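Using the sequences plus the hints, can you model the full thing?
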Amino acid sequence: MKHPWRWIIGFCVIGGLVLLAVLPGGKKLEFEVAGEFQREVLVKLPTVGPFDMSITKTVAYLWITVGIILIVTIIVARSLKVHPGRFQYAMETLYELARDGIVGSVMKSGKKQWFPYIGGVFVFVLTCNLIGLIPLPFGDHHQTAFYTATANLNVTLMLALFTFLFTHYAGVRKNGALKYVKAWAPSGAPPVLKQVIWAIHVISEFFRLISLSVRLFANMVAGHAILAVFFAMALIFQSYLVAVALQGASVLIYMFEIFVAFIQAFIFAILSAVYIGGALDQDH
Amino acid sequence: MNPAAYRELGAGLAMGLGAIGPGIGLGIMIGKALESIARQPEVSGDIRTNMFIGIGVTEAVALYAFVVALILIFVAK
Numbered sequence: 001m002k003h004p005w006r007w008i009i010g011f012c013v014i015g016g017l018v019l020l021a022v023l024p025g026g027k028k029l030e031f032e033v034a035g036e037f038q039r040e041v042l043v044k045l046p047t048v049g050p051f052d053m054s055i056t057k058t059v060a061y062l063w064i065t066v067g068i069i070l071i072v073t074i075i076v077a078r079s080l081k082v083h084p085g086r087f088q089y090a091m092e093t094l095y096e097l098a099r100d101g102i103v104g105s106v107m108k109s110g111k112k113q114w115f116p117y118i119g120g121v122f123v124f125v126l127t128c129n130l131i132g133l134i135p136l137p138f139g140d141h142h143q144t145a146f147y148t149a150t151a152n153l154n155v156t157l158m159l160a161l162f163t164f165l166f167t168h169y170a171g172v173r174k175n176g177a178l179k180y181v182k183a184w185a186p187s188g189a190p191p192v193l194k195q196v197i198w199a200i201h202v203i204s205e206f207f208r209l210i211s212l213s214v215r216l217f218a219n220m221v222a223g224h225a226i227l228a229v230f231f232a233m234a235l236i237f238q239s240y241l242v243a244v245a246l247q248g249a250s251v252l253i254y255m256f257e258i259f260v261a262f263i264q265a266f267i268f269a270i271l272s273a274v275y276i277g278g279a280l281d282q283d284h
Numbered sequence: 001m002n003p004a005a006y007r008e009l010g011a012g013l014a015m016g017l018g019a020i021g022p023g024i025g026l027g028i029m030i031g032k033a034l035e036s037i038a039r040q041p042e043v044s045g046d047i048r049t050n051m052f053i054g055i056g057v058t059e060a061v062a063l064y065a066f067v068v069a070l071i072l073i074f075v076a077k
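Chains as they are written, first to last, in our numbering: chain X, 1 to 284; chain U, 1 to 77.
These are calculated hints, taken from the structure and not from any lab test.
Please note: incorrect hints may appear among the correct ones.
If you want a taste of the chain X side facing chain U, the calculated C-beta under 10 Å gives, among others [unchecked claim]: (1) T56; (2) F206; (3) L209; (4) I210; (5) S211; (6) A225; (7) A228; (8) F231; (9) I263; (10) Q264; (11) I270; (12) L271.
None of the values given here were measured: they were computed from a predicted structure.
Glycine is no exception: its CB is placed at the ideal position from the N, C-alpha and C atoms.
Here it is in structure tokens:
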């Protein structure tokens, strides 16, 4: 039995691809990746001392994040049921992931006390990252564009600074300032080596601050830059064939970015939990 | 070559060479984690959590290279 339809469909597909390759592309456009990450001022406000108080794109994204978290949590908290619906079940899964997967698995003591901060950071970073994957009208001339507040070093550095301060606050409050600082070097080490280890530990505390903030920032910038390049490559190559292929590929990149958004929020929260837990239960 | 060309060359080299180490490290780590999960499936939750911590710490090294490349291209003049 022959299938003439197969041949017809095959010829149509090949003909379509050839047509796409032959068709002249649109106007060639200049594209600058760095422009996607500029902090455009939406509302100009006066400077107070050294601080520029104007409302930028980043601030707008942060407010949207906070608004979404507030609305979702209020709606869920108002309508709690014993037999949860889909939405409540999803929120409960997120809560359980933060409580058992992040705080419960890495902290020994102080779980109840530090869960609100770590769970809050997790949900905040996750929402920030995911909102960055929705095109919102904050681009040039109110075009829709991708941007995320966590692709700004100031935001991530602030979040990392919170973890840094809370780590030492927790350690000092639980162990006492002198004992906490002393325990940074192992007690059994010989005198000179002990001081060297202590100095290295102090430096490593500050590098935690840098690594925690730069990791999130660079991941988000890299992800959005790759997305922007994939979306814009069709304009640069001026070919419909490249456009079709790249739109397919950019869907895969987009799905990978959703995964990255989850993983980075998870890593930020779990490293905060590891640092705070390490300050609470000092092992040496 | 003019200085801009050197800058862009340096950015490419920084990213490319900086990705080698973390790539090898991530490969070894995830491979070992899968190996141990296959041997002891009952502790897979703990292993996965620790693996993600390790991924975060290792991956950051490649991202420092990325930040250096960005600085070379956009900031250094």
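Each hint, compared with the structure:
| no. | hint | in the structure |
| --- | --- | --- |
| 1 | T56 | violated, 18 Å |
| 2 | F206 | violated, 15 Å |
| 3 | L209 | violated, 12 Å |
| 4 | I210 | holds, 9 Å |
| 5 | S211 | holds, 5 Å |
| 6 | A225 | holds, 9 Å |
| 7 | A228 | violated, 14 Å |
| 8 | F231 | violated, 19 Å |
| 9 | I263 | holds, 7 Å |
| 10 | Q264 | holds, 8 Å |
| 11 | I270 | holds, 6 Å |
| 12 | L271 | holds, 6 Å |
Violated hints, listed in ascending order, are 1, 2, 3, 7, 8; each of the other numbered hints is respected by the structure.
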